[in-house]
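S.K.: Chains as they are written, first to last, in the working numbering: chain A, 2 to 118; chain B, 13 to 370; chain C, 7 to 139.
Careful: at least some of the hints might be erroneous.
[Said to hold, decoys possible] Listed next, the in silico DSS-like pairs over lysine-lysine satisfying Cα-Cα at most 27 angstroms (straight line):
| id | chain 1 | residue 1 | chain 2 | residue 2 |
| --- | --- | --- | --- | --- |
| 1 | B | Lys294 | A | Lys52 |
| 2 | A | Lys53 | B | Lys296 |
| 3 | A | Lys88 | B | Lys324 |
| 4 | A | Lys52 | A | Lys103 |
| 5 | B | Lys294 | A | Lys53 |
| 6 | B | Lys324 | B | Lys294 |
FYI, nobody ran anything at the bench for these hints, they're computed from the structure.
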Amino acid sequence: MPFMLPSILRNVFSGPATRPYPANPRQPFADARGELVNDPETCIFCSICAKKCPSQCLAVDKELGTWEWDPFACVYCGVCAEACPTKSLRQTNVRRAVARDKQSVAVQGQPKPKKSP
Amino acid sequence: MKTSILPFGPQHPVLPEPIHLSLTIENETVLEARPALGYVHRGLENLVAARDMHQMVQVVERVCGICSMIHAMCYCQALEEMLDIQAPPRAEYLRVIWSELHRIHSHLLWLGLFADAMGFESLFMQLWKIRERVMDINEATAGNRVIVSVNVVGGVRRDIDEDQVAMIEKELVTVEREVKQLSLTLLTDFTVKKRTKGKGVLTREQALELGAAGPTLRGSGVAQDMRQLGYAAFKDLDFEPVVETGGDSWARAAVRFKETLQSVDLVRQALAGLPQGDLAVKAKGKPEGEATARVEQPRGEVLYYIKANGTKHLDRLRIRTPTFANIPPLTVMLPGLELADVPVVVLSIDPCISCTER
Amino acid sequence: MSFIATPVTANNLCKDAQALKARGFRFVTMTCVETGPGEFDLIYHFDKDLDMVHWRLAATDREASPSLSTVYLAAFLAENEIQDQFGLRFADLAIDYQGKLYLDEEAGATPFCRFSRASITQTDSGGDTEGGQ
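Only chain A is shown next, with the shape it has when bound in the complex:
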């Protein structure tokens, strides 16, 4: 125990190592991996993101023009955002807050008009 005395003294006189969350949350790092955001204007509903997703938390319907994300199945790896051909799908650096109920995020866009045969 005597060997720890310097550390103990330093800890007594320095401030706390933790911060009073949630009153004072830490700002996210610029490169942190957070929520997914999809822009319905530029999304072409190609469903490449849904095919690449390792946790299969994305569902895309080209016919209806819907893009759905289950944030509770998502592993926040960011593979989908990297694979997006139009860069309409982005990963922000803000984490989702804790939630009481499970919910999913849906984006409704304009389905592409079918090409006439």
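Position chains B and C relative to chain A; hints supplied.
M.R.: For chains B and C alone, coordinates are given in the frame of chain A:
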């Protein structure tokens, strides 16, 4: 004297994860220990049937919650060998940086848990406070604290820019200083020595015979470290395996403590030599045949065996995690111990049971 | 491809392993690969000074395979795992969990087998024998 059988675990205050040991005891002395697993089996190996080979990177990351990056690196190396591609030099250096950061935070986590197992709570708090700096480096550079998900078949997905290099170097100075401040407490304190010296002895011969891996093997005097294979950028970096000859709990703790400082040095070397260039090469084609890859995890050698059949789904993926190799040595470490020493010795192999059962 | 597995036979496995052990090789692990209905490859991995040696042994679920745990005790865990996952049997296993290392009493399946099988030896508790997919 009658013997009795005492169940140890699966839920035990000292165990972060569930493993059960049937201890045959006479009075307070352990005569025989028999491990039993099966409380967290997830069947991840079998997911190869449901996920393609690129999605499996994210699956193997979840084999271990502490050294996720190293699992993914091993998997990617095996596939890269099969596809006959070579990750670019910058990717190899970045892999070393992140894998060594994982080793630092894993060893600090373990050293903290080890102190906690001995009832040394304040040392535990100190070590985990240092570890938090490494977690912050991980989050700032790779985006996540533990499951950094930086690997992709053919290279890495994330880059470290100049500002981040400076930040890592600055943080590592503090980490190194603070870890060194605790060295006297960890390695020479009377209480710590009393609880660890001569406890759970595994001789060099026993370690080799029972297939021990990693710090458990090196703590018994065998200088074997998979990083000597020179995978990723380790071929360009300068390091010697840390070896202790005691074979007891103290030796294993000392190996891990010294490896923490060694990893700080390796990260520095890799940052200094970080070459410019691409992050990944494109993984084209479908693998066929068989391959194995081995890397050194914080807990020891991990072996990946992959069999592929020319489709995007692999035929068989087998992961031999280091704890799987370190459980048989427990059967010779524990007999002869006092019951009160069992938790500390069980922890001294750094059991990662979720990895073991996958 | 650097992966070469030397074929071994069930009769010679333990004798060859003794010779390998005498040369200072360490047992790393063993892998079971299903090659067809009831047909398996057992791959043994050994290591000495960072050099690996792989052996391949053909096995079936109809007869028990020789256990390496008589030579390398460390093999008992891997062999028990294979018993659980693939329903193979090993003769003279040093510590035998009887297919209950991971699996529960009532689970009679061989979860890692892709080919459906009616039942496995010893456990005929029935139930769903098709696992995985």
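S.K.: Hint by hint, note whether the structure agrees.
M.R.: Evaluation of the provided hints:
Between Lys294 of chain B and Lys52 of chain A, the direct Cα distance comes to roughly 18 angstroms. Compliance with the 27 angstroms bound is thereby established for this hinted pair. Simply put, Lys53 of chain A and Lys296 of chain B have alpha-carbon atoms about 16 angstroms apart, close enough for the 27 angstroms limit, and the pair holds. Pair hint Lys88 of chain A plus Lys324 of chain B holds up; C-alpha atoms about 26 angstroms apart against a cutoff of 27 angstroms. For the hint linking Lys52 of chain A to Lys103 of chain A, the alpha-carbon distance of about 23 angstroms falls within 27 angstroms, and the restraint holds.
Distance hint between Lys294 of chain B and Lys53 of chain A is fulfilled; the C-alpha atoms sit about 15 angstroms from each other, no more than 27 angstroms. Between Lys324 of chain B and Lys294 of chain B, the direct Cα distance comes to roughly 15 angstroms. Compliance with the 27 angstroms bound is thereby established for this hinted pair.
Violated hints for the displayed structure: none, as all numbered hints are satisfied.
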